Each structure stands twice: as C-alpha cells, then as structure tokens.
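Undergrad: Residues per chain, in single letters:
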Amino acid sequence: MNDTLRNTVSVIAGMLFGFGLALSEMINPRRVLGFLDVLGNWDPTLLFVMIGAIPVSSIAYLIVRRSQKPWLAESFQIPHRTDIDRRLVAGAAIFGIGWGIAGYCPGPVIAMFSLQWREPVIFVAAMLLGSLIYRRIQVQD
Amino acid sequence: MTSQDMAFALAGGALIGCAAGILLWFNGRIAGISGILNAALEASAHERSWRMLFLLGLIFGAFTYSLVNPGDFALRTDLGSPVLAVAGFFVGFGTRMGGGCTSGHGVCGISRLSARSMIATVTFIAAGIVTTAIVRHVLGLPT
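Going line by line, the protein sequences match chains A and B. Counting in the working numbering, the first sequence runs without a single skipped number right up to 146 at its last residue. Counting in the working numbering, the second sequence runs without a single skipped number right up to 1480 at its last residue.
I should point out that these hints are in silico values taken from the structure, not numbers from a laboratory. Don't take each hint at face value.
Capping the alpha-carbon separation at 25 Å, the derived lysine to any residue pairs in SDA-like fashion look like this [stated by the list, open to error]:
#1 A:Lys74 to B:His1383
#2 A:Lys74 to B:Ala1344
#3 A:Lys74 to A:Arg140
#4 A:Lys74 to B:Asp1409
#5 A:Lys74 to B:Ile1359
#6 A:Lys74 to B:Ser1340
#7 A:Lys74 to A:Arg91
#8 A:Lys74 to B:Ser1386
Interface residues of chain B toward chain A, partial, derived using beta-carbon atoms under 10 Å [stated by the list, open to error]:
#9 Leu1352
#10 Arg1366
#11 Gly1443
In this text, all values refer to a predicted model and were calculated from it rather than measured experimentally. Note that CB positions come from ideal geometry on N, CA and C, so glycine has one too.
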C-alpha cells in the first residue's frame, strides 16, 4: 500500500518538475546557454527560475526539520556531509564544463525526450558512460 | 527577456520547488536528478521503481506542457554528435564525482543551506560561464 502511494507521489513530483522545466523554458538549452553566455546577449531566465524554486523548497525543508519522519517512508534520506573536499569542487567544475558546451544538465536533457530524440539520446548515453567510468575509477582525494 | 518570460520562469521555478518539497515531505527523498538517474539504473528492484516513475513523470510533465503550449520556442535539434557526446560525458562524470547537479545542489542543497551545495553551485556556474565563453566566442561553435 505504502509502495503504491510512494510511487504515485514520485510520478506527480516528476510531472510537476518536468512541467516546471518546460514552463520556465529551462528545457531549452539555448536559454540555459544564454544565462551562461555573459559575453553575449545575457539572458537572466535561469536566475529567475532559482528565485522561484529556492524559497518554495526552503519552506519544505523548514517544515521537514521539525518532523520526525516523512508521511510515507521510515526516514528522511538527506545528505549531511559538511566538509568541502577536492572531489566536490573538481566534480562540479567538470559538470559545469559539459553544461557550458551543450546547455544540458540531467533534468532538462531527460525532459527533452518529450520533444525530440536525437540530442537527448546521444547526450544521455554519453552521460551514463561518464557516470559509469567515474564509478569504476573512483578518483581518491 | 520579456515580462512574460520572467513570470513563466518564476512560476516554473516555484513548480520545481513544489516537486522537490513533495518528494521530501512524503517520501523523504531529495529531488536530485543525477542521483535519481544513477540509482534508477543501479539500485535493487525495490529501490528502482519510484526513481523510474519520477523520471517518466519528468518526461510526461514536459510533454503535457508542450500540448498546452506547442511551438513555444525554437528547438535546437542539430548540435553535432561529437559535441553532444563530449558534453554528456563531462556532465555524467562530473555530477557523479561532485555528487549532484543543478537540481540536487542548485535547488535542494541551497534550500537547506548546505555549504557543500553552495560551493558546488558557484563552481559549476563559473565553469559553465568560462566554457560557454570559450565555445561560443573563442571557438565560434554555434551552440
């Protein structure tokens, strides 16, 4: 019973997320690159998406901090590491390079399957390969 | 950017924030897409289903919007395959190494005031800005 409810919540959350990405046009890599292209015709859309998203999810976190457990699960699975290591910074930098080349990050490129096949198929295949290779070599600090 | 673009960006962002809040409240999970995707392919069957459903919902939600508002923007479909593959590889490798992407670090992490996520977000935006400058203005690639 709880599994069914949890899965239903997941679909609904995924749909809201995907609808939000499309509505805000973050699904469009040209919009994203417009934000990153500070030397060109700068497009602040991504900034407004963050301004829309962060207060809403912050409220959710504030409520969660006062509750013992989620409604449909045993515990909250929230990362609690606080150390800043080289892996975090190097990983984020490598991600940013890929993001700046094509304008896709994982959410929008998956949502892009709703509009076309060619770009997301190639990108996601390469993305999974990159992730798999990192897991195999597991760069140590 | 028009004032309608700005309104849609704020509203779309609010929906993304709602999605993250719902997943956390009900299921106790972070809406980090790179982590959900990796675990969807590697976790046990029991842990796989909600992730697969979330990702299918992501596609279906975007599809629903395209029905409501078709032809909203000029869709890029012709970026060269080698360029897409290199970019995808970096995104997959980097998000695995750095433990998150725009959603996990940029939205969820910043919302809970995680120092790691704030550092990651500043880093990937800075790297993205430098890369876009090189790709578009030095190499002259039409991305």
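Undergrad: A separate judgement is required for each hint: does it hold in the structure or not?
TA: Here is how each hint holds up against the structure:
no., hint, in the structure
1, A:Lys74 to B:His1383, "holds (20 Å)"
2, A:Lys74 to B:Ala1344, "violated (35 Å)"
3, A:Lys74 to A:Arg140, "violated (31 Å)"
4, A:Lys74 to B:Asp1409, "violated (41 Å)"
5, A:Lys74 to B:Ile1359, "holds (13 Å)"
6, A:Lys74 to B:Ser1340, "violated (40 Å)"
7, A:Lys74 to A:Arg91, "violated (33 Å)"
8, A:Lys74 to B:Ser1386, "holds (21 Å)"
9, Leu1352, "holds (3 Å)"
10, Arg1366, "holds (6 Å)"
11, Gly1443, "holds (7 Å)"
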